[in-house]
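Novice: Read off the chains here:
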Amino acid sequence: SQTIHQWPATLVQPVGSPLSLECTVEGTSNPNLYWYRQAAGRGLQLLFYSVGIGQISSEVPQNLSASRPQDRQFILSSKKLLLSDSGFYLCAWSVPRRSSYEQYFGPGTRLTVT
Amino acid sequence: QKEVEQNSGPLSVPEGAIASLNCTYSDRGSQSFFWYRQYSGKSPELIMFIYSNGDKEDGRFTAQLNKASQYVSLLIRDSQPSDSATYLCAVEWGKLQFGAGTQVVVTP
Chain G
114 SQTIHQWPAT
124 LVQPVGSPLS
134 LECTVEGTSN
144 PNLYWYRQAA
154 GRGLQLLFYS
164 VGIGQISSEV
174 PQNLSASRPQ
184 DRQFILSSKK
194 LLLSDSGFYL
204 CAWSVPRRSS
214 YEQYFGPGTR
224 LTVT
Chain X
1264 QKEVEQNSGP
1274 LSVPEGAIAS
1284 LNCTYSDRGS
1294 QSFFWYRQYS
1304 GKSPELIMFI
1314 YSNGDKEDGR
1324 FTAQLNKASQ
1334 YVSLLIRDSQ
1344 PSDSATYLCA
1354 VEWGKLQFGA
1364 GTQVVVTP
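Protein sequence lines, in the order shown, are assigned to chains G and X.
Going by our numbering, the first sequence opens with residue 114, and the numbers climb by one from there.
Going by our numbering, the second sequence opens with residue 1264, and the numbers climb by one from there.
These are calculated hints, taken from the structure and not from any lab test.
It is possible that part of the hints are untrue.
Listed next, the in silico DMTMM-like pairs over lysine to aspartate or glutamate satisfying Cα-Cα at most 25 Å (straight line) [claimed, not checked]:
1. X:K1358 to X:D1341
2. X:K1265 to G:E139
3. X:K1358 to G:E139
4. G:K192 to G:E215
5. X:K1305 to G:E215
6. X:K1305 to G:E135
7. X:K1305 to X:E1278
8. X:K1305 to G:E139
9. X:K1330 to G:D198
10. X:K1265 to G:E215
11. X:K1265 to X:D1321
12. X:K1358 to G:D198
13. X:K1319 to X:E1278
14. X:K1358 to G:E172
One side of the interface only, derived from the structure: several residues of chain G facing chain X at Cβ under 7 Å [to be verified]:
15. W120
16. A153
17. R155
18. L159
19. L160
20. E215
21. F218
On a predicted model such as this, the values are computed, not experimentally measured, just so you know.
Virtual Cβ for every residue (Gly too), placed ideally from N, Cα, C.
Working from the sequences, and respecting the hints, build out all of it.
Specialist: Structure representation (structure tokens):
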């Protein structure tokens, strides 16, 4: 069966500091991978998605970036965090051979920027 | 702008009753519809998906889709306290667009 890991689970960072969140998927090959952010009391906002190694599509202009160095690894980064970057960051995967929109989420990283 | 609308709740449901959640969407071109359950502090969990008009049943959950009226609903039969969560509706428009969710509270 497939599993998805995210770390760290929680993170408190000062404004202006860098960020690196990691997501890995096990039990599947060539998944579609997604980064979402959920602000408090709000819906999920798609930040980035990737259909393969080195292929990144950005949905929202911001100070975040994403990379996919390996087939089942997805990284979310920032050089300088803003207060508005606080939120619940979720990685998700989907199986390309079925509906690309049937997505499964990892446990998430709760980021607080102070 | 394409939108997915849900009543934020909270929807209070007595234990054993049916919880009825509604979701409307703005674009007729959508083909795939999803319901996620999110417990407080946890990540969303996919519980139902529906692609065709009509009803789809899975255990105590029933998803209903009406593309002509642009709504999708979720029924939870025999509601249990463990069903207390926020339920997110998601609609596919080349990507998943999520509603803000409906909070359900099942009272013993």
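Novice: Return the numbers of the hints above that this structure violates; sort them in rising order.
Specialist: When the structure is compared with the hints, numbers 1, 2, 4, 9, 11, 15, 16 and 19 turn out to be violated.
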